[in-house]
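Peer 1: All chains should be built: construct the whole structure from the sequences, respecting the hints.
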Amino acid sequence: LLTMVLLTMILLTMMGALDKQRACEQEVILRAKRGIPSYSVVRIGKLKGSGSHACQIAPGDALSGDMTAEATADVLLETLQRPEAVNASFSAGRLEGPVSTSAWDDEFLKLVGPELYRRPLDVVKAEAVVSWLKDWARGFLRPGSGLTTPVAVQNTVDGVLLRFQQTGAEYLDFDEVETDDAKWAKAKPGATDRKSNKSDGALLIIAEASPSPRVRVTRAEMEDGVVIKEMSEAAVIAKLEKDLKDLESTARRR
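Using mature numbering (1 follows the signal peptide of the UniProt record, and there is no 0), the letters of the sequence shown map in sequence onto residues -17 to -1, 1 to 237.
Take these hints with a grain of salt, some might be off.
Stated by the list, open to error - Cross-link-like lysine-lysine pairs, in silico, DSS-like; alpha carbons within 27 Å at most:
| hint | residue 1 | residue 2 |
| --- | --- | --- |
| 1 | Lys31 | Lys108 |
| 2 | Lys117 | Lys228 |
| 3 | Lys225 | Lys117 |
Said to hold, decoys possible - Here are the simulated distance ranges between beta carbons:
| hint | residue 1 | residue 2 | range |
| --- | --- | --- | --- |
| 4 | Gln148 | Ala217 | 13 to 23 Å |
| 5 | Ala45 | Asp229 | 22 to 32 Å |
| 6 | Ala52 | Val140 | 38 to 48 Å |
| 7 | Ser128 | Leu60 | 20 to 30 Å |
| 8 | Asp229 | Asp49 | 18 to 28 Å |
| 9 | Leu60 | Lys31 | 12 to 22 Å |
| 10 | Ala6 | Val106 | 40 to 50 Å |
Don't read these hints as lab results, they were simulated from the structure. A virtual CB, placed ideally from N, CA and C, is assigned to each residue, including glycine.
Peer 2: Have a look at this one:
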């Protein structure tokens, strides 16, 4: 744990240009992989002010801004206690609102996958959206879907899995339960074990009623060496956002 804190603090003290910060981060990750079982990279803006306040987190370097020393300490403490933060790299920022365990749970959930998209549902119930997603996703099986990578579609309890296809790949069922030890041993948080060494990754798209009605998209089945399908991911998310807006707009008129 001490090593994890020291590695994290290296980045906290880096206030240079963004490219220098990223280079520092890559060096930290490389050294961590060589010397310790796991690591966590936390990006924090300037330390300013005093007192605790709520925080939000996001995968990558999406967030910036001033944080108090007390709030930064809270983020680090939570990071050291949570399996979602193992081998994860994320940024933290200020958020208005109370500090609570449930709030931390929901923030660190963003690291599983990691999460790429989150949208509240204002009108349509989550249960209805689950069924809608399963039909909607099959539109990507038709020619002209706009994806640069072909996908296979698998229904899940809360939505659907879009699996980027690679010939010869074999997978465990997505819903198979994995142990806590296996989760901590993974190179990527939130990934799913495979039967072979071939994988092209996947997108998990789900609708949830709790803690609030919403739709989320996360990466799945990601391991070292898998190339991120940024264009296909962006196309899926853009279409999902548009079609969800249309779905809720239609529901409002009824």
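Peer 1: Evaluate each hint against the coordinates.
Peer 2: Against the structure, the hints:
Distance check on the hinted pair: Lys31 and Lys108 sit about 41 Å apart at the alpha-carbon level, beyond 27 Å; violated. Distance restraint check for Lys117 and Lys228: the Cα-Cα separation of roughly 17 Å lies within the 27 Å cut-off, and the hinted pair is therefore satisfied. Of the supplied pair hints, the one linking Lys225 and Lys117 holds, its CA atoms being roughly 16 Å apart against a limit of 27 Å. Remark: the range hint 13 to 23 Å for Gln148 to Ala217 is upheld by a beta-carbon distance near 18 Å.
Judged by the Cβ atoms, the range 22 to 32 Å given for Ala45 and Asp229 holds: they are separated by roughly 27 Å. Range check, Ala52 to Val140: Cβ separation about 42 Å, and the 38 to 48 Å hint holds. In this structure the supplied range 20 to 30 Å is violated for Ser128 paired with Leu60, their Cβ-Cβ distance being about 45 Å. The beta-carbon spacing between Asp229 and Asp49, approximately 39 Å, falls outside the hinted interval of 18 to 28 Å.
For the pair Leu60 and Lys31, the supplied restraint of 12 to 22 Å holds, since their beta-carbon distance comes to about 20 Å. Restraint check, Ala6 to Val106: a C-beta distance of roughly 46 Å satisfies the suggested window 40 to 50 Å.
Comparing the model with each numbered hint stated earlier shows that hints 1, 7, 8 do not hold.
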